Structure formats: structure tokens, C-alpha cells
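**Q** Sequence:
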Amino acid sequence: LKTICVLPIVNGQPLKSGAANMYRLVWTLTHPMHWDAEAILFSAMTLFIVMHFKSPLKVIAATAVGAGVSYVRQYQGDVVGLPPPGSELHITGNLQADLTSWVHQWPWEMPIDATVARLGGWPMAILSAVAFAFVDYLAIISVEAERPAPGGSRPSREMAGQGFACIASGMGGSAPVGGSLTRSMLAGMIGASSPMMGLVCGFVTMCLGFPFIATLLEPTPKAVLSSTVLAAVLPAVVAPKDLLRLKGSDALAGWISAAATCMTDPTKGFGIGCAT
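First residue of the sequence shown? That's 1077 in the working numbering, and the numbers climb one at a time after it.
It is worth saying that the hints were derived from the structure and are not from the lab.
These figures come from a predicted structure and were not determined experimentally.
Errors might be hidden in some of the hints.
When the alpha-carbon atoms are kept at most 20 Å apart in a straight line, the in silico EDC-like pairs for lysine to aspartate or glutamate are as follows [unchecked claim]: (1) K1344 with D1212; (2) K1298 with D1112; (3) K1092 with D1341; (4) K1298 with E1114; (5) K1298 with D1154.
Just the calculated beta-carbon pair ranges, DEER-fashion [stated by the list, open to error]: (6) W1111 with C1277: 29 to 35 Å; (7) P1090 with S1204: 51 to 57 Å; (8) M1127 with W1331: 25 to 31 Å; (9) F1210 with G1088: 30 to 36 Å; (10) L1171 with I1116: 53 to 59 Å; (11) T1104 with W1331: 21 to 27 Å; (12) F1286 with G1144: 18 to 24 Å; (13) P1090 with S1229: 39 to 45 Å; (14) D1318 with D1189: 39 to 45 Å; (15) R1194 with A1315: 36 to 42 Å; (16) T1104 with A1315: 17 to 23 Å; (17) S1204 with I1116: 36 to 42 Å; (18) D1318 with L1275: 27 to 33 Å.
All residues carry an ideal CB built from backbone N, CA and C; glycine is no exception.
Can you build the whole structure from these sequences, using the hints too?
**A** Structure, rendered in C-alpha cells:
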């Protein structure tokens, strides 16, 4: 659909970031003649399984059924496919080298000057980094508020854990680590609400990268995966109860923040919300 939906030009450039996504969403909803019929059927089947049955294995069952049907029918739409090839692991026998083989760049080797220049200088770089850190941390807190851990949690512990995780992800060449409200809501929907959920999810994710397992998941339609997420988050999107409870100036600030986030990105939405 991205090749069919042409973004409008504003100030000599096409729409970007959140505004472009919102435009594509509205365009897609108002042009059903361009929908993929098979993708719609996969989505409907997945939503029925996930929302109708009570078994904690319903998400796995929906994914397995979708992958099986896709394989049998030789589905030609968007599928998960194989993960991109990574670098081979070489055991050298040198303990220090083997334990640090995952490091892509040490902190003192990172191109900090180039990053600062791209962001417009040190003031803008510091402002962007602090704003992103706030948004990233608030994502963790929002998950805790939506799905409280048994026995409660400590914000200071969450901040320290996220900080160490972001440092490690940068050294490994990955994106910053943040909270996943959709994953937590999906886990809560199937009853996986203990702190062990994150640990198990991490180990299972690593196992999914093994070639013989990735091959089994290759034909899984992306419509199946997106529908499992949709089943978990759609009620909160259609009726955001926390926003609806706000009154007066709090409601104004909340809705402005939500609109700004949708039209730009979470960092800018956070800044605009604080300004209001």
C-alpha cells in the first residue's frame, strides 16, 4: 500500500514521521478496494482465536495455524521470512576475547563527535538525549502502571536496569532498550504477569534465531503477528480510560500530548505535553 498511497507535499517535502503514518492509516481505512483479501482473512482468523479462546497458548496456536495455512497455500503476501545473516561466532580460546566478542564498539570508540554534529551541536544533542531518556524511562513506568508486577516495583531499580541495558545495547550495536507496553499487555492477556515473563521471553527470542527454528517461522504472515498485538492494544486505543478520566487542564494537556505524539514522535510529543 505504501507504493500506492502518495503522501501529500508540505513545504516542498512529503509528510514525515507520525503525520505520514496517520495519513497512511486514514488512507488505508478509506480505500478498502486495495486491501489484501488473504491478509484480511489471516487477521480475522487470528483475532478470533486470540479473543475467543481462554487458553494461555492461544497466541502460539494462532501463530502456528497462520504459518501452517500460509505454507500450504504458498501465501505470496508479506511474511516474516528468514532473519538477516549475522557474523559467525568464532571461539578463539582466549577467554577475554571470547567473552567480549559481542562488543561492536566500546564507549570510547563511538563516533560521538559525528553524532553531536548531526544533531546540531552539543546543546541540541544534550537536549535530545535527555528528552529521549525521559520518554524511554516513562515507557517503562507506563508498563508498570498498566501491568503492575506482583509485589510492586522500584522506579530506581527500573532506571538503573534500563541504563545498564542501554549501555550494553549500544556496545553491541543495537538500538536503545525501552519498555514494550504492547508486549506486556499481550502477556497480561494470556496470564503471563510474573517477572519471569521477561526472562523467558528473552531466552525464547534468542532460540528463535536458530536456523532450524527460524525456518519453521519463515512462512508466518505478518498479518498474523500484527493481529495478535492488535487484539491486546485495540481496546486501550479505542477507549483510552486514563485519558478519558482526566478533567479540565489535565485533559487538555493529555489530549494535546496524544495528538502531538501521533503527528510527530514520542520525544516531541513529550516535550509539547510538558510545555502545555
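**Q** Evaluate each hint against the coordinates.
**A** Tested hints:
1. K1344 with D1212: Holds: K1344 and D1212 sit about 12 Å apart, inside 20 Å.
2. K1298 with D1112: 12 Å, holds
3. K1092 with D1341: With a Cα-Cα distance of about 10 Å, the restraint between K1092 and D1341 holds, given a limit of 20 Å.
4. K1298 with E1114: It holds: about 12 Å lies between the C-alpha atoms, which stays within 20 Å.
5. K1298 with D1154: 6 Å, holds
6. W1111 with C1277: 29 to 35 Å: 32 Å Cβ-Cβ, so the 29 to 35 Å window holds.
7. P1090 with S1204: 51 to 57 Å: Since P1090 and S1204 have Cβ atoms about 23 Å apart, the given range 51 to 57 Å is violated.
8. M1127 with W1331: 25 to 31 Å: Holds, at about 28 Å.
9. F1210 with G1088: 30 to 36 Å: 32 Å, holds
10. L1171 with I1116: 53 to 59 Å: Since the Cβ atoms of L1171 and I1116 sit about 54 Å apart, the hinted range of 53 to 59 Å holds.
11. T1104 with W1331: 21 to 27 Å: Holds - the Cβ-Cβ distance for T1104 and W1331, about 24 Å, lies within 21 to 27 Å.
12. F1286 with G1144: 18 to 24 Å: Holds: the Cβ-Cβ distance is about 20 Å, inside 18 to 24 Å.
13. P1090 with S1229: 39 to 45 Å: 42 Å, holds
14. D1318 with D1189: 39 to 45 Å: With Cβ atoms ~42 Å apart, the hint holds.
15. R1194 with A1315: 36 to 42 Å: 40 Å, holds
16. T1104 with A1315: 17 to 23 Å: 22 Å, holds
17. S1204 with I1116: 36 to 42 Å: 40 Å, holds
18. D1318 with L1275: 27 to 33 Å: 28 Å, holds
Taken one by one, the earlier hints fail for this structure only at number 7.
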